[in-house]
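Enquirer: Line order of the protein sequences matches chains A and B.
According to the working numbering, the stretch in the first sequence is residues 189 to 507, in order.
According to the working numbering, the stretch in the second sequence is residues 805 to 1051, in order.
Careful: at least some of the hints might be erroneous.
As the list claims (entries may be wrong) - Selected chain A positions facing chain B (in silico; Cβ < 7 Å):
(1) Ala-297
(2) Arg-299
(3) Arg-327
(4) Asp-409
Unchecked claim - Ranges between beta-carbon positions, derived for each pair:
(5) A:Arg-266 <-> B:Gly-945: 18 to 28 Å
(6) A:Val-506 <-> B:Gly-823: 34 to 44 Å
(7) A:Leu-330 <-> B:Gly-841: 29 to 39 Å
(8) B:Asp-959 <-> A:Leu-330: 15 to 25 Å
(9) A:Gln-354 <-> B:Asp-915: 32 to 42 Å
(10) B:His-999 <-> A:Ala-304: 32 to 42 Å
(11) B:Asp-915 <-> A:Gly-411: 26 to 36 Å
(12) B:Pro-839 <-> A:Ala-337: 24 to 34 Å
(13) A:Leu-269 <-> B:Ala-990: 41 to 51 Å
(14) B:Arg-975 <-> A:Arg-266: 32 to 42 Å
Hints are computed from structural coordinates only; laboratory data are not their basis.
Note that beta-carbon positions come from the ideal geometry of N, C-alpha and C, so glycine has one too.
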Amino acid sequence: MRALPAAIVVLVPVALGLAIALGSVPMSAGQLAQALAGRGDDALREIVWDVRVPRALAAFACGALLALSGALLQVLLRNPLADPYILGVSGGASVGALLALVLGLAATAMRLFALAGAALAAGAVFAFSRGRAGWNPYRVLLTGVALSAGCGAIVGLLLSLAPAAQVQGMLYWLLGDLSPAGDPTLALAVLAACTALAWSRAAALDVVLLGSDKAASLGVDVGRLQAIAFAAATLATVAAVLLGGAIGFVGLVVPHLLRLAGVRAHRLLVPLSVCAGGSLLVIADTVARTATAPSELPVGVITALIGVPALLFLLARVR
Amino acid sequence: MLAARAIGIRAGGRTLVEGLDLVLAPGQCWALLGPNGAGKSSLILALAGLRAPHRGEIALDERPLARWTRAELARRVGVLLQDDTPDFWGSALEYARLGRYPRSGGAWGGDAEDDAAALGWLARLDLTERAAQPYVTLSGGERQRARIAQLLVQDAGLLMLDEPLSHLDLRHQVQVMELLAESARAGRTVLMALHQPSLAARYCDHAVLLYDAGRSSAGPCADMLTPSRLEALYRCRLESAGLSIPT
């Protein structure tokens, strides 16, 4: 039980290292070291510092944000099936992004459209799910599912109306794709802030699993904790979706993989979700861009192909 | 000192409590008696500050409960709720230790001290051998004792317990009643909803009776636990229930 957290933390530099070392342009270990140190061939240095490092960091930020959001929502909604997209964020963002693609707008405008869509959808979920006695998990789930289905219908409509040439780009966005990912700095800042916020509330998240009344009697301001955790989960999901599209499965599966492996207390679950989610996506993205190089696969396909068997394996082993 | 003044409690469109005055002083051990649906749980939720009463005011040390923060209140008032936690992720020890949350505040500080406090109460409740076992694998009665251990670990001066004896065998019913009476003798205030008037008579010094339609009475056990009052309370002959109250 002591070995697992350490192994997951060590996985982070290993995954990032692999992502930086591997790619369509082969590099020897010496060349890589030189490029990392800022010496040697200009082209190689550019590939490492301007392409591979930002891409690896973007993948890490994305996966970590989604896993963190999933871990928080599974506690708040008391539902093991909760994932970051239950908040309608990805549905709204997808509609916005696809609309921008259909209109032939530039990448920046597409991000803004996606952001607007995500904000609208999340706002609607919260507006509808606030019952008389604060946040009601069932209302959040129902509204989120209904809204996601509605967004799915609009996405289907946009896909069938779009010119054939644009459909592949749209599909990649929907499956999750880090190739157009820009500067990961903002996402990493959001990740740091949300992780710190969630980690500082780790004990309260443990207590809230006892039920709202019991948690309140133990001194947890449940309404405030819910507001903070929902805000962190929403912000994390929006930041991830804007960076990498609707990458599926990381947010649902990573917290469950850790719980099944025995990591339950949130002081471990929160940071390890971040490490494991980030590493999983970095590895998946490395596979996505090297398996069929020079063409790329959508990373969302790879995360599901890694995540589903891993979850089934653990489910079969832990009964 | 917890004082309720002329409180009224309503739930599900029914009036459960109307115009109840209650002063719970340190050292007192109160029984809360009444038929099913009389409002015992609702009264406990109100007295613990978890639901505001519809009318009247409840104050702890002259300060209305609404003006206490959750964290402040948790250091003074502990409550055992009736409904069980469906599934808790950790061991019985980890479960009991959550009672330290109001004191240690975070997940980080005072681990050894928290463990010692939790283990101490688990031992008092015959759960030493169950401490490392997952909470979900405990039996109903063992869970109930782990829940009581968690409450005692909280170390609050006022203890409100909703049916502390449910699921407990005879030995542990007596054990828990003795623990709670001992807590009261040590200067805490204890109030517990019970369905056993005979145990109330033996271990408690005061009682609140909740009749139907909002009527209630409260006072020393000697005045409250009389055969005529209890027969009116439960609308049942004591002999037919095989019950006699020691006087």
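Enquirer: With reference to the structure, classify each hint as holding or not holding.
Expert: Taking the hints in turn, this is what the structure says about them:
1. Contact between Ala-297 (chain A) and chain B, as hinted, is not supported at the beta carbon level, the nearest pair being about 44 Å apart and thus beyond 7 Å.
2. At a threshold of 7 Å, the smallest CB-CB gap from Arg-299 (chain A) to chain B is about 37 Å, leaving the interface hint violated.
3. For Arg-327 (chain A), the interface hint is violated, since its Cβ never comes within 7 Å of a Cβ in chain B; the closest pair sits about 19 Å apart.
4. For Asp-409 (chain A), the suggested interface contact is upheld, since its CB lies about 5 Å from the closest CB of chain B, less than 7 Å.
5. A hinted range of 18 to 28 Å holds for the C-beta pair Arg-266 (chain A) and Gly-945 (chain B), which are about 26 Å apart.
6. At roughly 55 Å, the beta-carbon separation of Val-506 (chain A) and Gly-823 (chain B) lies outside the given 34 to 44 Å, and the hint is violated.
7. At roughly 30 Å, the beta carbons of Leu-330 (chain A) and Gly-841 (chain B) sit within the given window of 29 to 39 Å.
8. Separated by about 41 Å at the C-beta atoms, Asp-959 (chain B) and Leu-330 (chain A) break the suggested range of 15 to 25 Å.
9. The hinted window of 32 to 42 Å between Gln-354 (chain A) and Asp-915 (chain B) is violated, with their beta carbons roughly 57 Å apart.
10. For His-999 (chain B) paired with Ala-304 (chain A), a C-beta distance near 58 Å fails the hint of 32 to 42 Å.
11. Taken as a hint, the range 26 to 36 Å holds for the pair Asp-915 (chain B) and Gly-411 (chain A), whose Cβ atoms sit roughly 29 Å apart.
12. For the pair Pro-839 (chain B) and Ala-337 (chain A), the beta carbons lie near 47 Å from each other, so the given range of 24 to 34 Å is not met.
13. For Leu-269 (chain A) paired with Ala-990 (chain B), a C-beta distance near 47 Å keeps the hint of 41 to 51 Å intact.
14. Between Arg-975 (chain B) and Arg-266 (chain A) the C-beta distance comes to about 35 Å, which sits within the given range of 32 to 42 Å.
Violated hints, listed in ascending order, are 1, 2, 3, 6, 8, 9, 10, 12; each of the other numbered hints is respected by the structure.
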